[in-house]
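Residues per chain, in single letters:
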Amino acid sequence: METLPEQITLAHGAGGKQTSALIHQIFERHFKNTLLTADDAAVLPRPEHQIAMSTDGFVVSPAFFPGGNIGELSICGTVNDLSCMGAKPLYLTCSFIIEEGLEVERLDQIAASMAETAEKVGAVLVAGDTKVVGKGQADQVFITTTGVGDVVSQNPLSGAKAAPGDAVLVTGDVGRHGCAVLLSRDEYGIDAQVESDCAPLWKPVSAALKAAPDLHVIRDATRGGVGTVLYEIAHQSHTGIRLKADAIPVDPSVAGVCGMLGLEPLYLACEGRMVMIVPQEEAQAVIDALAVLPDTQGICQIGEVTAEEPERVVMETEIGTQTYLPEPGTELLPRIC
Amino acid sequence: MKQNHQISEALRRAIGYLKNYDGPEVRIMEVCGTHTHEIFKQGVRQILSPEITLISGPGCPVCVTPAGYIDRAVALALDHGVTVCTFGDLMRVPGTEMSLSEARGRGGDVRVVYAPGDAEKLAAEHPDQPFAFLSVGFETTTPSSCLAVDHAIRDGLDNFMLLTANKTMPAAYEAMKDSTDLFLYPGHVHAITGLSDIKKMQAEGVSGVVAGFTAGELITALALAVKKYGEGEPFYINAYPRVVTEDGSPEAQKLVSQYMEPCDAWWRGIGMLPGSGMHLKKAYAQFDAAVRYALPEGVGKDNPGCHCGDVLQGRCRPEDCPLFGTVCTPVHPTGACMVSSEGACSAFYLYGGKK
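The listed protein sequences correspond, in order, to chains A and B. Going letter by letter, the first sequence gives residues 0 to 336 in numbering that gives the first Met the number 0. Going letter by letter, the second sequence gives residues 0 to 354 in numbering that gives the first Met the number 0.
Certain hints may be false.
Below are the SDA-like pairs computed for lysine to any residue, each with C-alpha atoms no more than 20 Å apart in a straight line [what the hints assert, rightly or not]: (1) Lys119(A) with Thr145(A); (2) Lys243(A) with Gly215(B); (3) Lys243(A) with Gly42(B); (4) Lys18(B) with Gly319(A); (5) Lys202(A) with Asp294(A); (6) Lys243(A) with Leu10(B).
What the hints contain is simulated information worked out from the structure, not anything from laboratory work. From a predicted model like this one, the values you see are computed outputs, not experimental measurements.
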């Protein structure tokens, strides 16, 4: 068996002995399960219900950040997209584009995180692909994952189902992933400790669906954050959304960093937070069910869906006034003084 | 985890006072863009009695930077092959022909940085390429531009420059004093400069209050000032004493006076204000991009339909401009007040909604 050098070279993507050493010693070792294929495609048992399928590419820079890495993120992203449709994640594939020179040790950590994250939700990695590109043609490593889930929920979820009177819940404090990644780029000279909220959320979603069979909407608040998700839902359902500023959970460090840079936490990405829209009478049952789970302890209600002000998100401020949450789309540039 | 947002009893009383105020009619100008932004974000105008009017003044550095300055920066990038480093806010400000963002699209090397020091570092890393930092801003940002020049001297760089359009607040106070009854003075500016400029205004019969930037600090300052205004005598109040001291920051003042000196400056929408700008002293002309590349002076041309000038002087509210929310939006700004998040038009559009 070829031994792996310290760094990935173009030869590891050429399909020969070195490729096979990389696959055996990193990917197969971490991903091992009976369905992982050694052939051209994985052949899989048919799920019980309809299937949900989703794909997502991950290019986060830096690849390692406080609270996670690109591997963990690549599984969370796809698992959470499936979960939002009421689908239990079953099978995942992954495609790596690796920059020549990446340390093998780092790739090993990434693969280990992927396996560990998938296992948390009972999903398995069944197929993968590896390409190596020249120095400078990628930034360390890019990963694309695709997932298939079993739609166990009888209740079709959709942003269009938000209805006036519904409660708007968020499963924890907002903006942490975006803030952690910004800080780890080290461009701002700000010394603050913020960890990403990155987490796979099938278990809490499954608990929420049991607690509130009539749940209307579940969305993961990734790129664009909670604010963007709320505007998407408001547009889809032609309803208004009214938020209470003093109910929105923000970690004090995140609030401090946002204050300095002129950013709005509601527009920073989360990677382990769901927005849930649920009939008000079922809201407490969802909160009670999720508050006891490790990744959703911070669940709370931040507002409600209204018939007034359709397609706008209105903020009730701490001083009792009402303003609009700015609609996403304009680049939020850091303030200069 | 959740922060305690409960507002204090004192703040509740201040809100009540501003709501129920029935003293003499009073116009208050906030001179600072950060105040403007926070006032719109928090909906502060909604809690004011009809006797109190807030006017957004000319304190957003991006908004008062004339089109001619953008033209010079574009020329540096496109005609002189200089790498132009800028705060992000300036990227989309319209010049006469084009914005910096468009100049980048035409092959100019224009980069967004977060501090002047970042541009100095880039210059140190690429000694064969000239770099110019677009030095705009008031007393709060001018010291960091001077510090970058200081570091360039320390590092022996001859490829780092500033293109200055720095401005000073007292000139704005002077120019605006007839448009308002009271000033809401910017706390961070006076953290640098101290209280002497404000005392000078008081001696001229102009009143005002130094305020911080949270909703609570702003509202408390407004309530204190409105209450005092009823007494009729010129006054100043420092409602931000935990940050603003009598003398300000001597270190920052020393740094600025070492490298820069006052000059006349053109303010978009207002015009030429004598002694209202800061540029590099002659001894440091090698760090002045306008000198090194002999860039022509000029104020440039704004869109004639744009009312930014009137908005900046409090003569017109954003929604009174015919372009507001239709032709001019944050995605396609016509005037500078719509570009910067601190501009009155942008803040009104984002938080108050278009009409």
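- prompt: Honestly, which of those hints from before does the structure not fit?
  reply: Hint check: nothing fails, all pass.
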